[in-house]
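Enquirer: The residues making up each chain are set out below.
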Amino acid sequence: MSALPLLALRSVWNRRGTAALTVFSIAVSVALLLGVLHLREDARRSFANTVSGTDLVVGARSSPLSLLLYAVFHVGEATQSVSYASYEKVARHPDVAWAVPVALGDSHRGFRVLGTEASYFEHWRYGRGRALAFDAGAPFVDLYDAVLGAEVAARLGYHLGDRIVIAHGLGEVSFAEHADKPFRVAGILARTGTPVDRAVHVSLEGLAAMHLDWQSGAQAPPGERVSAEAARAADLRPQRITAFMVGMRSKSTVLVMQRALNEYRGEALTAIIPGVALTQLWELVGVAETALLVVAACVVVAGLLGMLTAILTSLNERRREMAILRSVGARPLDVFALLLLEAALLAAAGAVAGVGLMYAALAGSAPLLARRFGVVLEIGALTPYDAALLAGVVVASLVIGAVPALNAYRRSLADGLTIRL
Amino acid sequence: MRRPPPARAAAAAVAIGATLLATRLAAAPPVAPPVGTPAPHPAPAAAEPGRAATLGWEELVPAGARAGYKAGPPPPLHDYLSGEDGLAAQQPQDFAVNAALEGRTVRIPGFIVPLELDPDGRVTEFFLVPYFGACIHVPPPPPNQMLYVSLPQGLTLDSMYAAYWVSGRLSTHTQKTKLGAAAYSLAATGVEEYKY
Numbered sequence: 001m002s003a004l005p006l007l008a009l010r011s012v013w014n015r016r017g018t019a020a021l022t023v024f025s026i027a028v029s030v031a032l033l034l035g036v037l038h039l040r041e042d043a044r045r046s047f048a049n050t051v052s053g054t055d056l057v058v059g060a061r062s063s064p065l066s067l068l069l070y071a072v073f074h075v076g077e078a079t080q081s082v083s084y085a086s087y088e089k090v091a092r093h094p095d096v097a098w099a100v101p102v103a104l105g106d107s108h109r110g111f112r113v114l115g116t117e118a119s120y121f122e123h124w125r126y127g128r129g130r131a132l133a134f135d136a137g138a139p140f141v142d143l144y145d146a147v148l149g150a151e152v153a154a155r156l157g158y159h160l161g162d163r164i165v166i167a168h169g170l171g172e173v174s175f176a177e178h179a180d181k182p183f184r185v186a187g188i189l190a191r192t193g194t195p196v197d198r199a200v201h202v203s204l205e206g207l208a209a210m211h212l213d214w215q216s217g218a219q220a221p222p223g224e225r226v227s228a229e230a231a232r233a234a235d236l237r238p239q240r241i242t243a244f245m246v247g248m249r250s251k252s253t254v255l256v257m258q259r260a261l262n263e264y265r266g267e268a269l270t271a272i273i274p275g276v277a278l279t280q281l282w283e284l285v286g287v288a289e290t291a292l293l294v295v296a297a298c299v300v301v302a303g304l305l306g307m308l309t310a311i312l313t314s315l316n317e318r319r320r321e322m323a324i325l326r327s328v329g330a331r332p333l334d335v336f337a338l339l340l341l342e343a344a345l346l347a348a349a350g351a352v353a354g355v356g357l358m359y360a361a362l363a364g365s366a367p368l369l370a371r372r373f374g375v376v377l378e379i380g381a382l383t384p385y386d387a388a389l390l391a392g393v394v395v396a397s398l399v400i401g402a403v404p405a406l407n408a409y410r411r412s413l414a415d416g417l418t419i420r421l
Numbered sequence: 001m002r003r004p005p006p007a008r009a010a011a012a013a014v015a016i017g018a019t020l021l022a023t024r025l026a027a028a029p030p031v032a033p034p035v036g037t038p039a040p041h042p043a044p045a046a047a048e049p050g051r052a053a054t055l056g057w058e059e060l061v062p063a064g065a066r067a068g069y070k071a072g073p074p075p076p077l078h079d080y081l082s083g084e085d086g087l088a089a090q091q092p093q094d095f096a097v098n099a100a101l102e103g104r105t106v107r108i109p110g111f112i113v114p115l116e117l118d119p120d121g122r123v124t125e126f127f128l129v130p131y132f133g134a135c136i137h138v139p140p141p142p143p144n145q146m147l148y149v150s151l152p153q154g155l156t157l158d159s160m161y162a163a164y165w166v167s168g169r170l171s172t173h174t175q176k177t178k179l180g181a182a183a184y185s186l187a188a189t190g191v192e193e194y195k196y
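Chains as they are written, first to last, in this note's numbering: chain A, 1 to 421; chain B, 1 to 196.
By construction, these hints were calculated from the structure, which means they are not laboratory data. Treat the numbers as computed from the prediction; the structure is a model and nothing was measured. Please note that a few of the clues may not be correct.
Residues on chain A that point at chain B, a partial pick, calculated with CB under 10 Å [what the hints assert, rightly or not]: (1) Asp55; (2) Arg128; (3) Val254; (4) Ser327.
Quick list of simulated restraints, FRET-style, between CB atoms [stated by the list, open to error]: (5) B/Glu193 / A/Ala3: 29 to 35 Å; (6) B/Ala96 / A/His159: 58 to 64 Å; (7) A/Ala381 / B/Tyr161: 32 to 38 Å.
Far from chain A, by Cβ distances over 12 Å, these chain B residues were calculated [what the hints assert, rightly or not]: (8) Thr54; (9) Ala63; (10) Val106; (11) Pro109.
We put the beta carbon where it would ideally sit given N, CA and C, even for glycine.
Work out the full structure: start from the sequences and follow the hints.
Expert: What follows is the structure, given as structure tokens:
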């Protein structure tokens with residue numbers, strides 16, 4: 001009996017061309033199933049990790065999901081801006097502990113520029129209430145200071161004191177740059193694994209200074225431009241922001257403040273509780289996730305059926321092999337076991353290859369997902385659930401393998417030795 | 001030569017695939033109840049020693065104020081933010097809490113409004129409110145009709161439409177806000193889905 005695994009291995013090796021194809025088809029299907037599961041878990045973790053300690057996110061009237069996506073995850077764009085006066089009004093409310101404005105709309109080589117106040121670094125929380133930390137430098141002080149997220153600094157090789165030019169608009173390249181007002185890198189944040197890593201933070205006043213001579217939508221002609229130094233003397237009070245984050249003194253006022261903001265007559269606003277909006281996002285995405293999962297599971301079934309077809313087809317060619325085995329003393333049960341082993345071997349190889357394939361695909365797609373969707377993949381080890389699924393695939397292959405095994409078991413010795421004409 | 005019936009093989013394979021999926025599909029969100037649906041009121045049970053007493057939402061209102069209590073959305077609060085710098089005098093509102101409940105271990109059903117998620121996406125802090133839709137479509141419940149719940153172990157919430165039983169130690173605490181001076185919080189020890 002102990003010779004059987006080796007025999008199965010050798011037999012498969014003898015047919016390695018078709019076996020490799022079978023293994024590959026199972027590998028692709030397993031990689032798809034595990035990839036869908038991992039992507040779903042990672043996306044959830046990434047989203048849940050991004051915002052903490054913020055009671056309300058307030059923006060112009062829009063869908064709660066789109067507000068969450070553009071204000072917190074820096075995905076997509078706001079349809080409208082919020083007046084700074086509304087922000088100040090909320091910030092001064094006696095039940096509000098803190099409020100931080102954010103202004104989005106410019107970029108630096110594909111990374112979003114976030115205009116805010118220095119208190120952002122104090123109040124913004126991620127993970128489970130973790131505060132932002134500085135790897136180097138400090139929050140911005142000067143009008144033309146910028147604080148870089150860890151990914152921006154690492155990818156573009158920036159250090160403290162470097163000068164960067166901010167571009168108008170959100171493309172990776174821009175043909176409208178604020179080259180006359182470069183910013184100095186004043187601080188670099190520690191890595192968070194959230195969209196903060198991919199942002200360039202500047203002061204609202206810095207953003208206002210950049211846009212002084214852009215009031216018509218394009219830069220003023222050279223003679224009328226405001227120089228970087230002259231801009232310091234101008235009125236740089238912010239007028240419009242994209243959104244603001246609010247922390248309440250008491251949790252019991254969160255719902256009432258949300259209601260009051262949504263019904264605010266001074267301006268059409270939308271206030272969302274990040275936890276609620278995230279749950280809504282998952283309710284929405286959950287349907288698509290389930291559909292993807294069903295498709296992925298069907299592909300695994302198709303992969304296993306492909307294996308069944310391959311083994312059944314090979315049986316005809318291997319009548320002689322089986323007959324020789326029987327003639328040298330293999331019992332019918334040995335033949336049965338041999339074929340079962342072959343199925344298990346193919347499925348196990350497919351599962352292992354599938355895991356490798358999935359990790360390769362995740363690693364390959366991680367930078368793209370981070371850039372396009374703000375989802376930071378944390379490529380972790382296999383979960384017990386994954387392991388159970390892989391074991392399930394092998395067990396399923398044993399069940400499926402029983403079909404050809406039974407077939408071969410029933411055949412008589414004469415089947416392969418009789419020469420049919 | 002005999003061949004296995006292909007139909008049998010296919011059926012076996014499909015059955016296996018279905019089993020793999022069954023656990024995932026079982027978690028499909030339940031059908032949403034209409035907005036404003038009140039949470040079912042449990043029959044007020046006598047407190048058993050050593051076991052959490054089931055609490056009804058009306059018991060959160062002090063006994064003296066209960067005569068005027070209506071289960072349903074409270075009147076809207078329009079002037080929380082409007083008026084001079086949002087500081088306009090608030091119409092007097094009495095949201096007193098039932099001091100008799102301080103420190104009691106209770107079990108109460110309601111809907112979850114998630115506030116804080118842990119990095120694995122589990123809800124660790126939430127409001128428990130008596131009717132679904134308390135978060136968006138109707139004015140929020142007053143402070144004495146919601147519980148601020150902390151649940152260290154977290155809850156994987158697939159749908160805000162689902163009602164839950166939450167048990168734990170209830171405490172009342174005072175705070176100075178424009179809405180009144182008192183509120184409930186619950187240190188939860190257990191959460192289970194409410195079965196209709």
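Enquirer: The structure should be examined with respect to each hint, and the outcome stated for every one.
Expert: The hints, checked one at a time:
1. Asp55: Status holds, d = 7 Å.
2. Arg128: At 6 Å from the nearest chain B Cβ, arginine 128 of chain A passes the 10 Å test, so the hint holds.
3. Val254: holds, 7 Å
4. Ser327: violated, 19 Å
5. B/Glu193 / A/Ala3: 29 to 35 Å: violated, 54 Å
6. B/Ala96 / A/His159: 58 to 64 Å: holds, 59 Å
7. A/Ala381 / B/Tyr161: 32 to 38 Å: holds, 34 Å
8. Thr54: Fine: 23 Å to the nearest Cβ keeps threonine 54 of chain B off the interface.
9. Ala63: holds, 21 Å
10. Val106: The assertion about valine 106 of chain B holds, with a minimum of 18 Å to chain A.
11. Pro109: holds, 19 Å
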